[in-house]
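Asks: Chains as they are written, first to last, in this note's numbering: chain A, 66 to 469; chain B, 145 to 520.
Derived from the structure by calculation, the hints contain no laboratory data.
Don't take each hint at face value.
What the hints assert, rightly or not - If the Cβ cut is set under 8 Å, some of the chain B residues that face chain A in the computed set are:
| # | residue |
| --- | --- |
| 1 | S355 |
| 2 | L372 |
| 3 | W426 |
What the hints assert, rightly or not - So these bits of chain B aren't anywhere near chain A, every CB distance computed over 10 Å:
| # | residue |
| --- | --- |
| 4 | T173 |
| 5 | L260 |
| 6 | G261 |
| 7 | F262 |
| 8 | D420 |
To be verified - What follows is a list of derived Cβ distance ranges for each label pair:
| # | chain 1 | residue 1 | chain 2 | residue 2 | range |
| --- | --- | --- | --- | --- | --- |
| 9 | A | A449 | B | G467 | 40 to 46 Å |
| 10 | A | A347 | B | A452 | 17 to 23 Å |
| 11 | A | E175 | B | G467 | 38 to 44 Å |
| 12 | A | A202 | B | E345 | 53 to 59 Å |
| 13 | A | G448 | B | E167 | 58 to 64 Å |
Glycine residues also receive a C-beta, built at the ideal position from the N, C-alpha and C atoms.
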Amino acid sequence: MRADLDHAATTPPRPEVLEVLVRWLPAANASARHLPGQDARAAVEEARERAAAALGCTPADVVFTSGGTEADNLALKGVVWAARTARRAAGDDAPVHVVTTAVEHAAVREALRWLADRGEVELDVVAPRPDGRVDAADVLDRVRSDTALVSVMGANNETGAVNDVATIGADLRARGVPFHVDSVQCIATLDVDLDAWHADALAVSAHKIGGPQGVGVAVLRRGVDVEPLAHGGGQDRGVRSGTFAVGLVAACAEALTRAVAERAALRARLRDLSDRLAAGVADLDGVHRTGPGDPAHRLASHVHLELDGVDGDALQLALDAAGVAASSGSACSSGAGRGSAVMAAMGRDGTPLRLSLGWTTTADEIDHAVAVLREAVPRLRSGAPVLDLGLRPVAAPAARDGAA
Amino acid sequence: MARVLVALSGGVDSAVAAALLVEAGHDVTGVHLRLADVPAAAVGHGCCGLDDAQDARRTAGVLGIPFYVWDLGDVFRREVEDAFVAGSAAGTTPNPCITCNERVKYAEVLARARTLGFDALATGHHARLRRDGRPVTTPGPGAVLVRAADRAKDQSYVLHVATPAQLAATLLPVGELTKAEVRARAAALGLRVATKPDSYELCFVPDGDTSGWLDDRLGSAPGPVVDLEGREVGRHDGVWRTTVGQRRGLGLAGHERRFVVDVDAARRTVVVGPRDALACGWVEVAAPTWAVAAPPRPGDRVRVQLRAHGAAHPAVVVPGGPGVAGPRLALDAPAHGVALGQAAVLYDAADTVCLGGGPVTAAERPAGLPLAVAGA
């Protein structure tokens, strides 16, 4: 028995998405004027319409990117540089004021830190409450009349804590401050809606919702000035040059459409399953569920645990040996485990374990994970061997990388 | 079949070690140890760079074994780098690779592996294990450490810190092969590290400038360079920049060949003299560790190796000086250039089985010049 409980990292692609991907991979260049090019362009524009419908925006707001990280970078750097360009024209070369939170994904955190390090941004970082949520008032208190951008994630990728972006967005819209919402993690189970959130920019990634890796969407509301990051042929309204990846773009739209259509049902199903998972380990010594207590403030897909007295490296090995794929923290470039900035911002120092569910998750997987954790955690805490839990999958790991 | 954790440095030896274990039917898991905090841009061939982690990961991928990176940076800094800095500041010549094997690979990684349920830790060191005279292929008691098949690559010297219990949970698969055979195996397996150059530098000093690395941590502590009569003949910037036996780089005027014969950190003094003043008739090891169940006793004839690829000096074991628990090794013929802190590693009289050893804590000088006490 295996359990894939790392959907927050990536989800298996839906078969219908793979069909679309394969259908459009051999497409012509969508910018070519000839008929095959027109066919390809039609596929891109249909994808744009479908993505817009799924995200509560208009087709003109949709820019396809290589994924969530590029979408975040495009929104943040694009808006900051456009604001600086405008202010420089008025003789103001001061760094622009940006408000964000301490629990953002690295794609936002590091992009803004880089801008701040270069002296382009004066950064205000809002700490979360102990449950990992960012209080709307805490964010709005930092906003000034000259604030150029506010960036708050819809829900945190580690804890699944949901932020009240609708309240923040309404206030910012009234004050005329651009608002970016990293929606990569919440798109699977939360009703992401540019209009309802009064957001000006969203970032979404296809592979979190049954789409392929390597494609995402930056929603950039028309009227918000954005400087491009990549210059070239001027595709996608000049904001994102590069040959349209027709297959990936069409597959992304297919994944978005299906994910949104099935979202309410998936949310209800995953809520039950994640509750079942959390309840199954709730009585274990040294295991604490982190994140908001109110289910409405928690992604249905996430169970985030803090394990006391458990070594993260040992935990990873034990879970692999027992066939459970889950995240025991992020990895640095070498692949070594490293501490979680989100946990640190929440004032927690235990070993994190994120179990995240998705469209393929079954009750059997949940029960397997519960059985493994009930066996492994006490052993890990007491220093007993964990390679032989009696639950180990029989199959030897297959050679990866396609090697001989 | 045993559950074996193999330490993949990113080099060819550990890659082939892992491959041999897989071929032998063991249940193998690879781990890359992130030890020194070297800049990501450093293109080193040590064991700590990002490239090495990538090479290790690729090896595991080709072999189809699980692979993890363990960050042991804190323990490495504390036990190896800090100890190296302290030892160097004290005017001794510690071997950080030995410290790393003792305090990191055996004390930390092997212990962790055993706790998790692995039967053994394997590395790509060139050294052999023998049980009842036969090559060791599965972990278990009774293993003794023996020099490598490739004598020129033998690394038993840096493994002498292993205890019999640790050797019982150790596998050294490449020790039976020559380096050329290791590279040929790697090439045959399609491992891209087959032609990767050997590493010679300290892994935490990627540019190879050990003195500069120590300067960064110790600053400047200038002092006199004196001759055997105590006359100042030059200046130095820090005793860690010199080591006993060194001849070059002293910046001394005059044409006679002069060697560093003593380093007195307490007085910041470096003593130079003719080669004869380096001659050393005995060394003492106050706190040895033994790799064999029955340590050598006074009267036993042994071989003593004093540097990583140095000669194995014939010697006889005699009791240590007053108040010294460890043995003194009386060398048949004097050795030249013995520095305190470097490891004296004992082998049996046939120069085959590694018995153990430890840092030199005292050594004789015929010139009547006692070496400074380690750590003073």
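Asks: For every hint, state whether the structure bears it out.
Replies: Hints, one by one, checked against the model:
{"no.": "1", "hint": "S355", "result": "28 Å, violated"}
{"no.": "2", "hint": "L372", "result": "50 Å, violated"}
{"no.": "3", "hint": "W426", "result": "44 Å, violated"}
{"no.": "4", "hint": "T173", "result": "7 Å, violated"}
{"no.": "5", "hint": "L260", "result": "6 Å, violated"}
{"no.": "6", "hint": "G261", "result": "3 Å, violated"}
{"no.": "7", "hint": "F262", "result": "7 Å, violated"}
{"no.": "8", "hint": "D420", "result": "50 Å, holds"}
{"no.": "9", "hint": "A:A449 with B:G467: 40 to 46 Å", "result": "43 Å, holds"}
{"no.": "10", "hint": "A:A347 with B:A452: 17 to 23 Å", "result": "55 Å, violated"}
{"no.": "11", "hint": "A:E175 with B:G467: 38 to 44 Å", "result": "58 Å, violated"}
{"no.": "12", "hint": "A:A202 with B:E345: 53 to 59 Å", "result": "56 Å, holds"}
{"no.": "13", "hint": "A:G448 with B:E167: 58 to 64 Å", "result": "32 Å, violated"}
Against the hints set out earlier in the document, violations occur for numbers 1, 2, 3, 4, 5, 6, 7, 10, 11, 13.
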